[in-house]
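Undergrad: Take a look at the letters that make up each chain.
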Amino acid sequence: LDVLSDLIFRFRSLFRRSAVENELDDELQFHLEQQVEKHVRSGLTREEAMRQTRLEFGGLGHVKEDCRESRGITFFETTARDIRYALRQLLRTPAFTVTVLLTLALGIGANAAIFTLVNAVLLRKLPVTDPTSLVRLGDNNDCCVGSGNRQDGDFAMFSTDTYEQLKKNVPEFEELSAMQAGFWGRPVIARRDGTEARARSVAAEFVSGNYFRTFGLQPRAGRLLMDADDAQGAPVTAVMSYEAWQHNYAGDASVVGSTFWVNTKPVTIVGIAPEGFYGDRLSVTPAEFYLPIESMPVLANSPYVHDPEQDWLYIVGRIKPGVAIAPLQEKVTVLLRQALATDETFSTEQGKTLLAKVHVVLTPGGAGIQAMQEWYGSKLHLLMGIAGLVLLIACANVANLLLVRGMGRRAEISMRAALGAMRGRIIRQLLKASAWRSVPRAKV
Amino acid sequence: LSSDVLRIQQGSLYPALHRLERRGLIKAHWGTSENNRRAKYYELSKTGRQQLEVETDAWAKLTAAVAQVLGTA
Numbered sequence: 031l032d033v034l035s036d037l038i039f040r041f042r043s044l045f046r047r048s049a050v051e052n053e054l055d056d057e058l059q060f061h062l063e064q065q066v067e068k069h070v071r072s073g074l075t076r077e078e079a080m081r082q083t084r085l086e087f088g089g090l091g092h093v094k095e096d097c098r099e100s101r102g103i104t105f106f107e108t109t110a111r112d113i114r115y116a117l118r119q120l121l122r123t124p125a126f127t128v129t130v131l132l133t134l135a136l137g138i139g140a141n142a143a144i145f146t147l148v149n150a151v152l153l154r155k156l157p158v159t160d161p162t163s164l165v166r167l168g169d170n171n172d173c174c175v176g177s178g179n180r181q182d183g184d185f186a187m188f189s190t191d192t193y194e195q196l197k198k199n200v201p202e203f204e205e206l207s208a209m210q211a212g213f214w215g216r217p218v219i220a221r222r223d224g225t226e227a228r229a230r231s232v233a234a235e236f237v238s239g240n241y242f243r244t245f246g247l248q249p250r251a252g253r254l255l256m257d258a259d260d261a262q263g264a265p266v267t268a269v270m271s272y273e274a275w276q277h278n279y280a281g282d283a284s285v286v287g288s289t290f291w292v293n294t295k296p297v298t299i300v301g302i303a304p305e306g307f308y309g310d311r312l313s314v315t316p317a318e319f320y321l322p323i324e325s326m327p328v329l330a331n332s333p334y335v336h337d338p339e340q341d342w343l344y345i346v347g348r349i350k351p352g353v354a355i356a357p358l359q360e361k362v363t364v365l366l367r368q369a370l371a372t373d374e375t376f377s378t379e380q381g382k383t384l385l386a387k388v389h390v391v392l393t394p395g396g397a398g399i400q401a402m403q404e405w406y407g408s409k410l411h412l413l414m415g416i417a418g419l420v421l422l423i424a425c426a427n428v429a430n431l432l433l434v435r436g437m438g439r440r441a442e443i444s445m446r447a448a449l450g451a452m453r454g455r456i457i458r459q460l461l462k463a464s465a466w467r468s469v470p471r472a473k474v
Numbered sequence: 024l025s026s027d028v029l030r031i032q033q034g035s036l037y038p039a040l041h042r043l044e045r046r047g048l049i050k051a052h053w054g055t056s057e058n059n060r061r062a063k064y065y066e067l068s069k070t071g072r073q074q075l076e077v078e079t080d081a082w083a084k085l086t087a088a089v090a091q092v093l094g095t096a
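Protein chains in written order, with our numbering: chain U, 31 to 474; chain D, 24 to 96.
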C-alpha cells in the first residue's frame, strides 16, 4: 500500500505538475496569510506583520524548491529540463551540430560498412543444419590436384581412394562427404537443351553423392544428389544452385528434369539447391552446378579421379553426437597413413620419412572451407582497424570542437555559477548536452 | 510547541509534510478553514500512527540511554 501511494504521489507530481504547483502555492499562501493575521491581531502594523512572517518562514523560493525535491521526481524533472535545454543549444548552433554529426557519421558509417563485410565473410556460418557438428578434415587451403605434398605432412586434400577408405572405416562420422578442392579453376561449358541460348562457361563443383545430406539441406525444387547418382555408369545428374536458377532461368520450374549439355555431354537437372546456399565455401564464383564425383571422368575427362596418388578432394563430415575430436583426429591420421603407405610417392626412402609426418587436423566445418575467409581475413582485420582509427580521429576532432566551444562558454558558465547554479547541476547539464548529440549519431 | 528551545523556520514544515505524505504516513485533504479559505488539512494515517509509535519508542529508548550514560558519568 505504501509503495502504491508513493507511486501515485510521484505520478501525480510528474504528470499533473501545474496542479501540484498551484496546490503548493495555495498551501503556502494560506500559511503566510494566517501568520500575518495573527501578527496583526497581536498589534503589529500590516507591513511589520508581513516582514515578521517572512522572517519566520524563511526563503519562500527555497521552501518551494525543498517541497519539489520531496516529491521524489526531481531527477526526471531536471533531466527533462536539461534535455530541452541541450536541444535548444544544438539548434542555436546548427553549423556546429551538423559538423559534429557529419564527422561522427562518417566514422561510424565506415565502421558499420566494414563490420558488415567482416561479418559476412568471417563470421557467418553456412546456412546448413546444425553447423556445429560439421567437421572438416584438414586445416590448410592447399588447392588443386597435382600441387604435390607439403613437407610438413599436414593433409587437407585427399584422393578419391582415401576418401572411400575413410568413409568406410570411420563410423564416428554420421556422414562424410567430399568435394572438389579447386572447382573454381576448372569451369565447365553448359547449355540448356532445346534452346538457342549460347553455351556459357560456368563454375561447377564435383561432390560426393551424400554432399547435400551431410550439410542437412533440403531441395528448393526437385531433389538433391543421392548416393545412386554418384555411381560409375549412372546417368549423369546435376543440382543447380538457387542463384543460377533465378538469374538465368527466372525460377522456371521446367528446368528441373530438363537436359543440359555440360561439356557436350547430356546431364539431367534433378533439382535446385536451397536458397542462400552458396556452396561449401565463400567464393567469387560460386558453383552453379553440383555434379557427382563419378561423372567427372565422363564430363571433364579427368584421369585423376580414380588415381589413388592424386589428391583433389576436400572432406567435410558430420560427426555423431558425443564423439570427441582429439581421438577422432588420431584415428583419421592413422587411417590416412595406411592409405598412403601403398603409394609410390611414399614408398621411397624420402617418402617414408614424410609419411611419418603425415597428419590431419580436424577443424570446425560449420563455416565451410575457410579458404577465402583466411585469404582475406588478415586484410579485412586491417581494414577494420583502419576504420576504427577513422572513428577515433573523428572523435578526436569532435572533442577538439567541443573544447573550443567550451572555452567560449566559460563566461556563460561562470555567470551561472555566480547566480547560484549548483556545480553538479551544470556538469549534469553539459553531460546531457553531449549525450543528446550522440543520439542522432547512434541512429546514423 | 517547544517553548522556543528549538528554533526552526516555519517554512521547513512543508517539505517535511510533503515527504511524509509521499511515504503514506500522513494523509492530506483540502477543506475550508474557519475564515472560509481553501486550506489543506493533514492527519496521521494508520501506518503513520504505527510508525509514530515505533519512532517514539526508539526516541524514548535513545534519550533514556543517553540520560543514563550522562547520569552515571
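Treat the hints with caution; some may be incorrect.
[As the list claims (entries may be wrong)] Using 25 Å as the maximum straight-line C-alpha spacing, the simulated BS3-like pairs for lysine-lysine come out as follows:
hint: 1; chain 1: U; residue 1: K94; chain 2: D; residue 2: K84
hint: 2; chain 1: U; residue 1: K350; chain 2: U; residue 2: K198
hint: 3; chain 1: U; residue 1: K68; chain 2: U; residue 2: K197
hint: 4; chain 1: D; residue 1: K50; chain 2: D; residue 2: K69
hint: 5; chain 1: D; residue 1: K84; chain 2: D; residue 2: K63
hint: 6; chain 1: U; residue 1: K68; chain 2: D; residue 2: K63
hint: 7; chain 1: D; residue 1: K63; chain 2: U; residue 2: K350
hint: 8; chain 1: D; residue 1: K63; chain 2: D; residue 2: K50
hint: 9; chain 1: U; residue 1: K94; chain 2: U; residue 2: K68
[Claimed, not checked] Just a sample of chain U residues kept apart from chain D, beta carbon distances all over 10 Å, derived:
hint: 10; residue: Q65
hint: 11; residue: E86
hint: 12; residue: G89
hint: 13; residue: C97
hint: 14; residue: A465
Rather than coming from a laboratory, the hints here were simulated on the basis of the structure. Glycine residues also receive a C-beta, built at the ideal position from the N, C-alpha and C atoms.
Undergrad: If a hint holds in the structure, say so; if it doesn't, say that too.
TA: Against the structure, the hints come out as follows:
| no. | hint | result |
| --- | --- | --- |
| 1 | K94(U) <-> K84(D) | violated, 35 Å |
| 2 | K350(U) <-> K198(U) | holds, 15 Å |
| 3 | K68(U) <-> K197(U) | violated, 106 Å |
| 4 | K50(D) <-> K69(D) | holds, 9 Å |
| 5 | K84(D) <-> K63(D) | violated, 34 Å |
| 6 | K68(U) <-> K63(D) | holds, 18 Å |
| 7 | K63(D) <-> K350(U) | violated, 78 Å |
| 8 | K63(D) <-> K50(D) | holds, 10 Å |
| 9 | K94(U) <-> K68(U) | holds, 23 Å |
| 10 | Q65 | violated, 7 Å |
| 11 | E86 | violated, 5 Å |
| 12 | G89 | violated, 7 Å |
| 13 | C97 | violated, 5 Å |
| 14 | A465 | holds, 29 Å |
The structure fails to meet hints 1, 3, 5, 7, 10, 11, 12 and 13 from the earlier list, while all remaining hints are met.
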